[in-house]
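All chains should be modelled from the sequences, with the hints used to inform the complete structure.
Line order of the protein sequences matches chains A, B and C.
Note that my numbering numbers the first sequence so that position 105 is 108, with each residue one more than the last.
Note that my numbering numbers the second sequence so that position 34 is 305, with each residue one more than the last.
Note that my numbering numbers the third sequence so that position 29 is 1149, with each residue one more than the last.
Treat the hints as calculated values from the structure; they're not laboratory data.
Any given hint could be a false lead.
Below are the DMTMM-like pairs computed for lysine to aspartate or glutamate, each with C-alpha atoms no more than 25 Å apart in a straight line [claimed, not checked]:
#	chain 1	residue 1	chain 2	residue 2
1	C	Lys1293	B	Glu457
2	A	Lys195	B	Asp580
3	A	Lys195	B	Asp587
4	C	Lys1229	B	Asp456
5	A	Lys195	B	Glu595
6	C	Lys1293	B	Asp456
7	A	Lys195	B	Glu591
8	A	Lys195	B	Glu599
9	C	Lys1233	B	Asp456
10	C	Lys1233	B	Glu457
Computed footprint of chain B on chain C; a stretch qualifies when at least three of its residues, placed anywhere within it, have a C-beta under 8 Å from a C-beta of chain B [to be verified]:
#	segment
11	1218 to 1230
12	1247 to 1259
None of the values given here were measured: they were computed from a predicted structure.
Where a beta carbon is used, it is the ideal one built from N, C-alpha and C, also for glycine.
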Amino acid sequence: MSITAWIELIASGLITGGIYALVALGLNLQYGLMRILNIAHGEFLMVGAYLTWLVQTSFGISPLLMVPVAFLVLMALGVVVHFLCFRRLTATSPNLDVFEARGLMVAFGLMFLVQNFVSWMWGGDLRGYDYLTEPVKFGEMQFAANKLLVFFLALVFAGALIVLMRMTLLGKGVRALMQSAIGAQLMGIDTKRLHPLMFGIGLGLSGIAGALLSMAYTITPYMGQPYTVTALIVITLGGFGSMGGALIGGLFLGVIEALGMHFTNPSLKALLSYAVFIAVLLLRPEGLFTRKSRKA
Amino acid sequence: MNSRQILIRDVLVLLAFAGWALALPHYASEFVTSMALTCLMYVALSSSWGLFCGSTRYLSLATSAFFGIGAYTTATLLGQFGWVETIAIGAGIAVVVAIVMGAAVLHLRGTYFAVLTFGMTELILHAVTYFEKSVTGTVGRVLTVVPENQVIYLTVLALAVLAVAVSIWVRRTRFGLALMGIGADEQRAQTLGVNTRLVKIAGFAITAAFAGAVGAAMAVRWTYIDPHTVFNPFIGFQTVLITLIGGVLTLWGPLIAAIIFSVLAESLRLQFPQIYLMSLGLLLILCVLYLPGGLASLRWATFKGWWTDTRDWAKDLKRELSGEKEREKQRAKRREKESHFV
Amino acid sequence: MSEHAIPLLEAHNVTVRFGGLVAVDAVSANFTPGELVGIIGPNGAGKTTFFNAISGVLAPTSGRLAAHGRNLTGRGPHRFAAHGVARTFQTPRVFADMPVAANIEFGLKFAGKRRRKYLFWGDEVDVPWALRDATSILALIGLSEQAALPASAITPSQQRLLEIGMALATRPKLLLLDEVAAGLTEAEVEEMARLIRRLRDELDLTVIWIEHAVTTLLRHVERVIVLHQGRKIADDTPHNVVRNPEVIEAYLGDEMAEPGSETEEEVAA
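Listed below in structure tokens is the structure:
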């Protein structure tokens, strides 16, 4: 296979990987900070996609503009969802395991609500729109412009989040909470405000991912589910709680999938991700991209 | 001997239920019988699911995968083997898959396990499709040899009764105690001698066996089967929803909920499928938040509790809106006065 | 007993590392039947981590663990329990929703289960009389009246006794007690120490006891292991350990600082 073909292949893997990274970062925030495994995470990605599509087809507004809008809308939605659904769980669960199990069940119910709401309102058919579909050339290689844009923006937002977590006081507070909830609270970090905000940001990220996806791919009410599972696999690859790891893990998984699909068979994509996941769990459970530091 | 009395009661109720279900086809219409069949299917699925997932809190979302495996086995083998053998083989293959997947992922936390089993249906769907395309060259299968409706009904009834009976029995064994221990405090149970890995794999395998058997039996209701029809995640999800809403730790909660929801499903699902699913989702959320024991734990005390809770919340709100303001004003005034003395 | 040749539990150069932090640093110790050993050390010395390692809850990063000569390094807690290692946890981990008696029966049914004399009935073989069933164990630890109450309904100090009862239900040869006297009054600590001694004597157990209440522990144990920053710095009789300069330095300012203090006289008694 020629060099250009290789690069195109890897690039297409990176593009999907960028989306994986975005979704995984959002899930990481929610699970790493609050131990809420939001199995409905992919559904909110779908909501972001539908929102963008709606606005684009009804009002002709550019999806690029919708990206920050999708973020804000989904973030607000996230805060509301957290307030309505998850806050009460913290008070009523006797221990962490029960809290996690209940959080999962609530998220499961949410998945049904959101998925079927969208399906009810807009039907189950594939939808889509055209945006920047002209190909862009780099020497002999050729990419669709919209896919390049998707990759670029995914990296930008992922990077922005990582910078936020590292540099700002808010980010440091969140990372402190992730490492030691009680210690951080003793330092005066207010979880009551922080948790809904971070949950919202997590959902906002998946909203961005959905908006980006809608630019280049068709959307259906059922598109979200695979991304949730992939996000979990990425978090495991990258190291639970590590933001940088989620980014690199997402890109890495995207590339592996692209290579695997090319050399074996597209329908084995799921099998490949699962195989990678199980291999990582067995051989290096703390993640591929973290320093070996198991929590005490 | 309270435990003995409970056992007798449970067995009697089970027998009554079985008797009623047996008699049903003789006097009810075909529509009602068909509804009863779906109901029995979910009784079998949710009782076996609740047995493992209820006590250990490892929520398996892989029921559809095992159902599909059973169904596909029937589609492939029914001509060559007898009815009962095919069902047994279907259950057997599901068990093998469960053991393999269980060994790989059951040592994870419950939440990881849930999300992984969530994707398992898709995974196995793709694997089967790939296998069919490349190895056997077919994409779907047609069922030619189909047993009578009566046989199907009796088989599913037998599976349902067996599932409930196994639930009743396991609760009284060491295995059931181990499952409860895992749910209560897994590490503690380990230090007391429970081989949690083995117990979890065995429990998971039981859910797989029933799901596979039920899938194998119900497959004949379709004439044409392809991977997409049988590996439908909806079946697994509805099982989970029913059991959680019914009361996952109880024996009869899943059964009652299965009956209620099968009836609801048949009436609503065909006309307003999305609304049905949305209300299931909403009901689940409400249950987890306000009634974690499920419908089976509803007592008069629960209603009273909700009433006092709402009343307290309203009182709190009123106090906040009015009282705080008053106090703030007074505090501010006091501070002003004190600052004059400085 | 001729079985003193093979120690009950051997820990050889056991190291437990968490990333950059070395919690237990090449600690070696052998335990023989019938000993009453105390493990002390300032905060962060690695005592509980060491317990976690020798009960199988944590796999050591390096080193070797063996029970009755059988290599158990890296095996899970249920293997250790099967070989007679029972433990309690610092914060009592009882099964809150089950009645007290059921909590005890749990251990009896798993690691504590023994072959019966006539296959399916008759008494269990090789079981100390005091541990024959849940009722006798409850009587031994003094919780007979609370048998039917749910474990969440008894007081914390009763829960601690229940923890010990649950561990005893596994019919162990080695009992690991993790700070069972924490937060108790002086009198209660004395009572606990006497109970522990009684358990050791009547049930032919080896007891390893981690404690912060150093004074009382030193009075009742026959051997003391001192851990400091993950390393073992002393392994001797209480009499000698109290005079060990390294130990004194590690505890500088704590209870057992100087020779000639009250502690020394008590220990000599």
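Evaluation of the provided hints:
This hinted pair checks out: Lys1293 of chain C and Glu457 of chain B have alpha carbons roughly 23 Å apart, not beyond 25 Å. Distance hint between Lys195 of chain A and Asp580 of chain B is fulfilled; the C-alpha atoms sit about 21 Å from each other, no more than 25 Å. Between the alpha carbons of Lys195 of chain A and Asp587 of chain B the distance comes to roughly 18 Å, so the proposed pair stays at or under 25 Å and holds. For the proposed pair Lys1229 of chain C and Asp456 of chain B, the alpha carbon gap of about 16 Å is at most 25 Å, so the pair holds.
Only pairs whose Cα atoms come within 25 Å are accepted, and Lys195 of chain A paired with Glu595 of chain B is accepted, the gap being roughly 20 Å. Proposed proximity of Lys1293 of chain C and Asp456 of chain B is supported: the alpha carbons are some 24 Å apart, at most 25 Å. Between the alpha carbons of Lys195 of chain A and Glu591 of chain B the distance comes to roughly 18 Å, so the proposed pair stays at or under 25 Å and holds. About 22 Å separates the Cα atoms of Lys195 of chain A and Glu599 of chain B, which keeps this hinted pair within 25 Å; it holds.
Distance hint between Lys1233 of chain C and Asp456 of chain B is fulfilled; the C-alpha atoms sit about 20 Å from each other, no more than 25 Å. For the hint pairing Lys1233 of chain C with Glu457 of chain B, the CA-to-CA distance comes to about 19 Å; that is within 25 Å, so the pair holds. With 5 residues bearing a CB less than 8 Å from a CB of chain B, the segment 1218 to 1230 of chain C meets the requirement of three and the coverage assertion stands. Judged by the Cβ-Cβ criterion of 8 Å, the segment 1247 to 1259 of chain C is not covered by chain B as claimed, because only 0 of its residues qualify and three are needed.
Checked against the numbered hints above, the structure violates only hint 12.
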